[in-house]
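Asker: Here the protein sequences line up with chains A and B, keeping their order. To convert, count from 1 in the first sequence and add 6; that's my numbering. To convert, count from 1 in the second sequence and add 1; that's my numbering.
Keep in mind that the hints were calculated from the coordinates and are not lab data. Hints may contain errors.
[Claimed, not checked] Calculated lysine-lysine pairs in the DSSO-like style (CA-CA distance at most 30 Å, straight line):
| # | chain 1 | residue 1 | chain 2 | residue 2 |
| --- | --- | --- | --- | --- |
| 1 | A | LYS556 | A | LYS591 |
| 2 | A | LYS433 | B | LYS75 |
| 3 | B | LYS75 | A | LYS417 |
| 4 | A | LYS528 | A | LYS478 |
| 5 | B | LYS80 | A | LYS783 |
| 6 | B | LYS49 | A | LYS440 |
| 7 | A | LYS433 | A | LYS418 |
| 8 | B | LYS54 | A | LYS783 |
[Claimed, not checked] Here are some, though not all, of the chain A residues that point toward chain B, as calculated from beta-carbon distances under 8 Å:
| # | residue |
| --- | --- |
| 9 | PHE405 |
| 10 | GLN406 |
| 11 | ALA439 |
| 12 | TRP448 |
| 13 | ALA661 |
| 14 | VAL791 |
All C-beta atoms in this analysis are idealised placements derived from N, C-alpha and C, irrespective of residue type, glycine included.
If you want the building blocks of each chain, they are given just below.
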Amino acid sequence: MNTTEYIGEHLFIGQIGNAFVLLSFVCAIVATIAYFFASKENESSASWKNIARTSFRLHSVAVFGIAGTLFYMLYNHMYEYHYVWQHSNSKMPLKYILSCFWEGQEGSFLLWTIWHVILGNILIKTSKEWEAPVMTVFASVQVFLASMLLGIYIGNYNIGSNPFTVLLRQHPDFSNLPFVQLPTYLESLDGRGLNPLLQNYWMTIHPPTLFLGFASTLIPFCYAIAGLWKKRLTDWQKHALPWSFFGIMILGTGILMGGAWAYEALSFGGFWAWDPVENASLVPWLTFVGSAHVLMINKNRGDSLLTAFLLTIITFILILYSTFLTRSGILGDSSVHAFTDLGMSGQLLLYLLFYVVIAIILIIRNRRELISQKQKEEHIWSREFWMFVGALVLLISSFQIIYTTSIPVTKKILSVIPYLQDIERIKNMAPPAKLIEHYNAWQIPFAIIVCLLIAVTQFFKYKKGDIKIFLKKIYISFFVAVILSGLFAWALSLTQLFYILLLFATTFAVIANWTYMVSVLKGKIKKAGASIAHIGFALIMMGALISTSKQQTISQNSSRTSVESLSKDFSNNKNILLSINDTLKMGDYYISYSGKDQQGVNIYFNVDYFTKDEKGNYQHEFRLRPLVQTNPRMGNIAEPDTRHMLHKDIYSHIAYADLDLVIGDQSKKDDYTEPHNEMLSVHDTTFSSNSIIILDSLSLAVDKKSLSLADSTIAVAACFRAIDMNGKTYFAKPIFTIQNASIQPIESEIKELGVKFVFWKIHTNTNQIEISISENKSKQRDFIVMEATIFPGINILWMGCIIMIIGTLIAMRDRIKQYTAAQNASEQTD
Amino acid sequence: MKKTHVILIILIAVSIGAIFTSLSDSSTYANFTEAFSEPGFEFHVVGKLNRDKETIYDPHADANLFTFFMSDNKGVERKVVLHKSKPQDFEHSEQIVIIGKAVGDAFHANEILMKCPSKYTDGKPEITTTASSN
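Chain B on its own, in the form it takes in the complex (with noise of 0.2 Å):
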């Protein structure tokens, strides 16, 4: 057998092997009553902000925990602990993913990604001094 054979037999035994961790490694998209049901596992939850309830942010008390509730795509809501700093401008925050687990009645996110409507959507224009530009 060639030297070259041995290489590419290691290869694509690697490359295998790439696959399936990643496959092991990945996590899920879940929602909360999923999550719920799996307390302990780390899932990716997609949900909205509910701005009727309030949201807490002590930093006095503890810079690394904010509180907030979240409804789930399908609409169920839950209180979710973020174990960090409250991201810059969460309440334009058009969509959240969280990242972490069900642990008790809430749910314990040490990651958040947001997704800003303004940021890389468009927008409409405003004009907002037509008046006084005569």
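Bound-form chain A, shown alone (with noise of 0.2 Å):
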């Protein structure tokens, strides 16, 4: 046992903290409880949600709590707490604090329970006669989310990872470091910081929309379980109707905020990898869009209902599921930025079957009223049946995605099945190897039924269209998409079935929902946020379509004209070498590599970029700054720098540097390479990595005497010249002496280019001298090994991105205010 008295530890802070992370489970398991009651409708249910209430605001109040309590830590520093300690240091400026914050699986968990705590309040306010139900849902999923922060063993099994424990007494394996003996450590411990990787605003923003996004999928499902609950099978949906528009709202930012992120500041080499961190999220997008397409149409076409709750549900159950994918530590091998495991998987899975099983039980007992209803046959040519189809396009879509993405899931599952387990293919499955190939093949036709889709359910009537009117609203653009994209596909010389297709889904798409608005809503905004949001999707498409099909590695080495023997299979050939100040040609451009600075962790490359006049002349086009992070202890991070043009963007980033090159300049002066030997006859010419070397002529006239050498001593100089890239001449002379049968040879350095001569040997038979050469590291040629990209279009899909989110929103407001009327309209009439 440790009786050291430790000086200067804030330990009753931590209390403070636990305290709140006890009130707040407890709060949430009071108010499930009280909510259950309060939703059975007899006398004593308004007191029940009067407890119900109150304790779901000591619970919010607990919640921020916590959060204050941890954010307080951070900011003074505390490093007597482990997740202090493990996620920041002191170095670290303060915008980052809020990144360390959510960077570790406790803060990420907090964070999503701070925005259920916001909405559940929301929720109590606005949901009036759903309020009991909805909320002991609600408040169900708090508790499990508040036990994710317990940190409580019973026996063997962690519930929860606990942001407050303290590093030398709950973390047994630092008992037995040295310092641990010593009572002042905190004077002289520093965090480990947070990972060079996540030091950047996007850091800052992404994470809070994403599980803002989480969150808001949690307010439809539980109005879906509600409404099975209760047997309001109807009714339910359009109070979830408003809420879904705004998860996708924000999830779709959030998602596409990862791409940016991945676009800009990660090195993937683009904005979407299929990688499954990214799956996990996008696919709950998917099903949301479904599941608020079927509620729309549910209020005309009574028969959707078992979709409606089947989406609804499927969305909130496929958050936790990617919460699980991504905590579990399951893709381990599959995917860079996975969390490990924190053994809380158990909980998360626990969590995950819970909300599985209630939903199961609740539709099988509503089976007939859900599946029974009035057999009317729908009519092909209305606005719902098409919508209906679109959904079912997305939810097999979402399921081809998540199906690839869960390989590894599915290993674990069958490998502990009997039979099953021995199977070798089973056993050793990994996803495929050429993964985005994979995606595309199966998304590409989806994207194109999809946008097809949209570009014509719009114009069918709900209920009974009439084809021949349908046909009359949409020829017009059908003929315009057809011309625009077969130029278009001509312009960019596109020869892919699929990619054309897609090029002409996407053009239609937009083109048809202009009509729509201008022709159709006679350009009223307000009611146009369907039509604004779906022109955004069909650009994002169009964009991605683009900028990927029309993508071009410009930096393929031209320089080089060796091996690859083992020819297109590994046509790898993305990355150019770049020696400081050549001028190579890459694609359109002259590029130019001048020289690196650094700037605290960062190591700034600067690589500027030249086009050719008429005349031969080097017009300065741009520079970019492509640069390497450094962090010894997680890692070397190199970070893209992207040149942004109206109709292309120029992406380039460092795939190897010397990074000791450039650190140990100084350090590195007495350092020299391995030297390496030549055989040379007068007039021969050799180089090193920064000037060519010419052997002048042997001489014999050595002037002994300075170089007290015995008159006696056979002495011949190799007079070399040196000319470095800038034209300028140096000279060397080392000395091959022999003395008494024993060779000495007087070694010669030019010391501003750091090449090193060492005369050792002379063939008298082939008139041949043998010279090692070495070069200090100091003085060697900087070079970078370099990835460029050229993504045309892609403006597009950021613009598209914009479209889409603006649309959303107006489509939001308009269901808002459609709401409101209804519930004011409801509220007179009673």
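Hints are included, so try docking the two chains, each in its own frame, into the full complex.
Answerer: Pasting the structure below:
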């Protein structure tokens, strides 16, 4: 047992934090139970509701208390706490404190909980007669989330991971370290700091947005479960719908921010890499969009009820599942940015299964009402029919993505089943080797169908449409789209059928929705949310198509002629070697690397881009400064730099750079490269990394006295001339001596170039001499290996993102307006 | 038959299609012995870098070629030719997953995933300036 009295620890604040953790958990339980009884609609329900509300408010206060405590600890650098030590350090600027807050799992759960608490309080105010059942479900989710922070051991099983554990008390692995004996350890302890990859503003804005998106899927889910539970199978939909739009907007923004982050600051080489973590948040968004569309059509078509329930419930379950995927460590081999397991995967799984089971039981209980509805034949030329089809296409699309993403999970599940576990194919199942091609092959056809549906569906009328009127309205858009997309495809020289089809579908969707907005809605922006959002979505697809299919790696190694004996299979010829001050042709540009500079932990590499005018003069176009962030503890990370132009982006990042050359300048001044041997005749030429070296002559005219050599010594000097890349000439004169049959070479160095010569052998039969040349590492020529890619038309994608977000916002406002109008009307009739 | 049923059938058909192509697209984890017994087929091999042997990266000759020696989980060592630039912080990698195929006596990879221990798991705190702090 440790008995050292440590100085300067703030243990009291941790106890406050833990009190909040416990309070939030207990209050969530009380709120769940109280809301449950309040939903019974009997004489005591009013008082139960009071208890429930009070405890939910207390729960809210406690959650904010936890967050405030953690923030206070981070802000004051209290490294006695493990979380603070692990995620922050004293060198870090204030603006990253928030990022530290949610870097770890505990913090990110906390962030999620905070959003829930905020949404929950809004829901208490707005849900009126639905409050008790909806909040029962809501509060039960809070019980689970609050338990994630408990950090209590029951037997050997750990429930939750507590953010307020003290480094030297609750972390046994640290108790053997020498400084544990030191009462004043805090004076010299610094935190580990934030992963350099995460030290940027994206890390400040992306997680909160994404988690608000996650949180917003909970409300439609609560309404759906409450609807099933209280057998109010249709009424819930109109309450859920405005929240669905809100969630679609926020979650969509969060996902797109992730893409923008990957594109701007990570060297993934694009905005979407089909990484499991990206997929895990995309899939619920797709089902969310599907569910909102089904909720919308159910006003006009009663019999999609089951689909409405399924999609709404699946969306939330998928959020839980994606949390499980990214936090259980199961993706370890297949994703670059999954969390490691904190021993909470069992808990997460339990949480997920709990709601799956509840949903299944409730659906089975209501099966008659859900399935046996009026068996009227739906009209095929109606809007709701095609919206329904669209929702289902989204469902299959998301199923395909989640299926491939889940291969590691499938493998784990199958490996516990007897018989199956012995099949080699299952035991060794790995994700597709050509992952991106695999996803694209599936998702491009889905995208084509979805875009076509987006184009045409609004032109159908609800209930019973007329195909003739429809065709009359749409044919102009159709032909304009055919001509325009034909022109685009020709200009881009697209050859693959599916690309051309997608280009057509997206163009058609944009034009048709525009036409709808102008001719049918008469430009009423307030009602045009759907059209605007659809135009945005189509533009995203179009931008993705153009920038991906026409992306061009311009950094192919033009200087190299060598090998590649294994040919096309491995034509990963993406990187270019650029020596300092050389100018190389790369695509339409001439590029030159002019050196690097260090700012803090970042090393910037200056790469200038030139074009040649008619006279052959170089015109400086722009400079890109891709960087490498150094962090000895967590690994160096390359960050790209991108030149944004209206029609294309030039994206470049450092694939390899000898960083020792940078930092070590002075410390390397005594370091030489391995000498390499050269056999030379007079007038022969050889190279060092920074100069051309010519052996001009051999000379016997050696001033022996100044070298304090005896007169009897045989001495031959080799006269070298070295020319550096600026054309400047230097001389060196290494000397070969023989005194009493022992060879004593006298080396010579060109200090300016750092090239050292040792003349150590004469071949009299061939008239050649042997020279070994080594180079000072501090003078070696600097170089970088760089990748540069052109993404044409990527601005269409970003523009689409913004348009889609604005469109969804308008649609949401419209829904809220309709909703409150309807509420007010029903209140007046009551 | 209701049109919804037609859609449902198409839905199920496509889903089954997705499962099957995913299965046939999916690669397999293998050790070197298995990968070399089926040269030319794509495999994922998990292993560790052999730190005793030389890693060769000469960007002046070829910036997209990096050679190292790796032992798979069974301890079999092979030469690996990665057709990419040398990854950042390669030396610190704890575990490597390479994706590629056996050709001749070397494993030729065009994709590499590395796990660096310090990046995601806990390190130990260090106290470097205990003496000077007084």
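Asker: The structure should be examined with respect to each hint, and the outcome stated for every one.
Answerer: Checked hints:
1. Using a Cα cut-off of 30 Å, the hinted pair A/LYS556 and A/LYS591 holds, with the two alpha carbons roughly 20 Å apart.
2. For the hint pairing A/LYS433 with B/LYS75, the CA-to-CA distance comes to about 16 Å; that is within 30 Å, so the pair holds.
3. Between B/LYS75 and A/LYS417, the direct Cα distance comes to roughly 21 Å. Compliance with the 30 Å bound is thereby established for this hinted pair.
4. For the suggested pair A/LYS528 and A/LYS478, the alpha carbons sit about 18 Å apart, so the restraint of at most 30 Å is met.
5. Under the criterion of a C-alpha separation no larger than 30 Å, the hint pairing B/LYS80 with A/LYS783 is consistent with the structure, at around 29 Å.
6. At most 30 Å may separate the alpha-carbon atoms for a hinted pair to count; B/LYS49 and A/LYS440 meet this at roughly 23 Å.
7. Distance check on the hinted pair: A/LYS433 and A/LYS418 sit about 9 Å apart at the alpha-carbon level, within 30 Å; holds.
8. With a CA separation close to 23 Å, the supplied pair B/LYS54 and A/LYS783 stays within the 30 Å bound.
9. Nearest Cβ of chain B to the Cβ of A/PHE405: about 6 Å, under the 8 Å cut. The hint holds.
10. The beta carbon of A/GLN406 is positioned within 8 Å of a beta carbon in chain B (closest approach about 4 Å), and the interface hint is therefore held.
11. Hint on A/ALA439 holds. Least Cβ distance to chain B is approximately 4 Å, under the 8 Å limit.
12. Checking A/TRP448 against chain B by beta carbon gives a least distance of about 7 Å; that is within 8 Å, so the hint holds.
13. A cut of 8 Å between beta carbons decides the hint on A/ALA661: the least distance to chain B is about 4 Å, and the hint holds.
14. Of the supplied interface hints, the one on A/VAL791 holds, with its beta-carbon coming within about 4 Å of a beta-carbon of chain B, less than 8 Å.
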